[in-house]
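J.: Sequence:
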Amino acid sequence: MHARCMSTTGLSEELMNEAHKGKLPSDQTFKCFLHCMFDMFGLVDHNNDMHLDSLLEVLPPEIHPNIKKLADACDMKKGADGCDTVYQAVLCYLETDGAFIADAMNDLLG
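Position 99 of the sequence shown, counting from 1, maps to 99 under our numbering, and the rest follow consecutively.
It cannot be assumed that every hint is accurate.
[Unchecked claim] Simulated crosslink set (DSS-like; lysine-lysine; CA at most 30 Å straight-line): (1) Lys78 <-> Lys23; (2) Lys23 <-> Lys69; (3) Lys23 <-> Lys68; (4) Lys69 <-> Lys21; (5) Lys23 <-> Lys77; (6) Lys78 <-> Lys21; (7) Lys21 <-> Lys77; (8) Lys78 <-> Lys68; (9) Lys68 <-> Lys21.
[Claimed, not checked] If you anchor each label on the Cβ, the simulated ranges turn out as follows: (10) Ser7 <-> Asp81: 28 to 34 Å; (11) Ile63 <-> Asp27: 16 to 22 Å; (12) Met76 <-> Glu13: 16 to 22 Å; (13) Asp72 <-> Ala102: 30 to 36 Å; (14) Glu57 <-> Met1: 27 to 33 Å; (15) Ala102 <-> Glu14: 19 to 25 Å; (16) Gln28 <-> Ser54: 31 to 37 Å.
Hints in this document: simulated from the structure, not taken from any laboratory.
From the three backbone atoms N, C-alpha and C, an ideal C-beta is built for every residue, glycine too.
Modelling step: build the complete structure from the supplied sequences, incorporating the hints.
T.: Encoded structure:
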């Protein structure tokens with residue numbers, strides 16, 4: 001999925017490396033990469049509404065409170081377009097529970 005979204009969006013290794021270092025690029029290609037990844041995991045729908053709570057079905061119960069807190073705080077975020085909506089939600093996730101989401105983003109980014 002990671003490679004597919006990089007290819008689809010044209011995300012450069014340079015921007016990916018920036019993200020791995022904990023600095024989320026505000027570049028449109030990175031925003032669209034995030035949208036692609038969230039779409040593949042079913043976390044954003046065709047209306048660009050976020051559905052982080054869908055992870056409750058597949059993730060261990062001990063982290064459900066973290067997921068619920070993030071979904072409640074951030075899933076209503078809206079950006080300029082679908083890519084920006086996902087990016088704004090991810091920024092909110094980081095502000096809301098930075099340590100938890102940083103670990104999840106490292107897994108997501110590969």
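J.: Take the hints in turn and mark each one as holding or not.
T.: Results for each hint:
For the given pair, lysine 78 sits about 21 Å from lysine 23 by alpha-carbon distance, which is consistent with the 30 Å threshold. Proposed proximity of lysine 23 and lysine 69 is supported: the alpha carbons are some 23 Å apart, at most 30 Å. A C-alpha spacing of about 24 Å is found between lysine 23 and lysine 68, which places the hinted pair at or below 30 Å, so the restraint holds. Restraint check: the Cα-Cα separation between lysine 69 and lysine 21 comes to about 25 Å, which is no more than 30 Å; the hinted pair holds.
Straight-line distance between C-alpha atoms of lysine 23 and lysine 77 comes to about 20 Å, which keeps the hinted pair within the 30 Å bound. With a CA separation close to 26 Å, the supplied pair lysine 78 and lysine 21 stays within the 30 Å bound. Restraint check for lysine 21 and lysine 77: the C-alpha separation of about 24 Å stays at or below 30 Å, so the hint holds. Between the alpha carbons of lysine 78 and lysine 68 the distance comes to roughly 18 Å, so the proposed pair stays at or under 30 Å and holds.
Of the pairs offered as hints, the one joining lysine 68 and lysine 21 holds, with about 26 Å between alpha carbons and a cut-off of 30 Å not exceeded. Between serine 7 and aspartate 81 the beta carbons are some 20 Å apart, a value that contradicts the proposed interval 28 to 34 Å. In this structure, isoleucine 63 and aspartate 27 break the distance hint of 16 to 22 Å, their C-beta atoms being roughly 30 Å apart. Between methionine 76 and glutamate 13 the beta carbon distance is about 33 Å. The supplied range of 16 to 22 Å is therefore violated.
Hint check: aspartate 72 to alanine 102, Cβ distance near 19 Å, so the stated range 30 to 36 Å is violated. Between glutamate 57 and methionine 1, the C-beta spacing of about 18 Å breaks the proposed range 27 to 33 Å. Evaluation of the 19 to 25 Å hint for alanine 102 and glutamate 14 yields a pass: the beta carbon distance comes to about 20 Å. The hint said 31 to 37 Å for the Cβ distance between glutamine 28 and serine 54, and at roughly 26 Å that hint is violated.
Violated hints for the displayed structure, listed by number in ascending order: 10, 11, 12, 13, 14 and 16.
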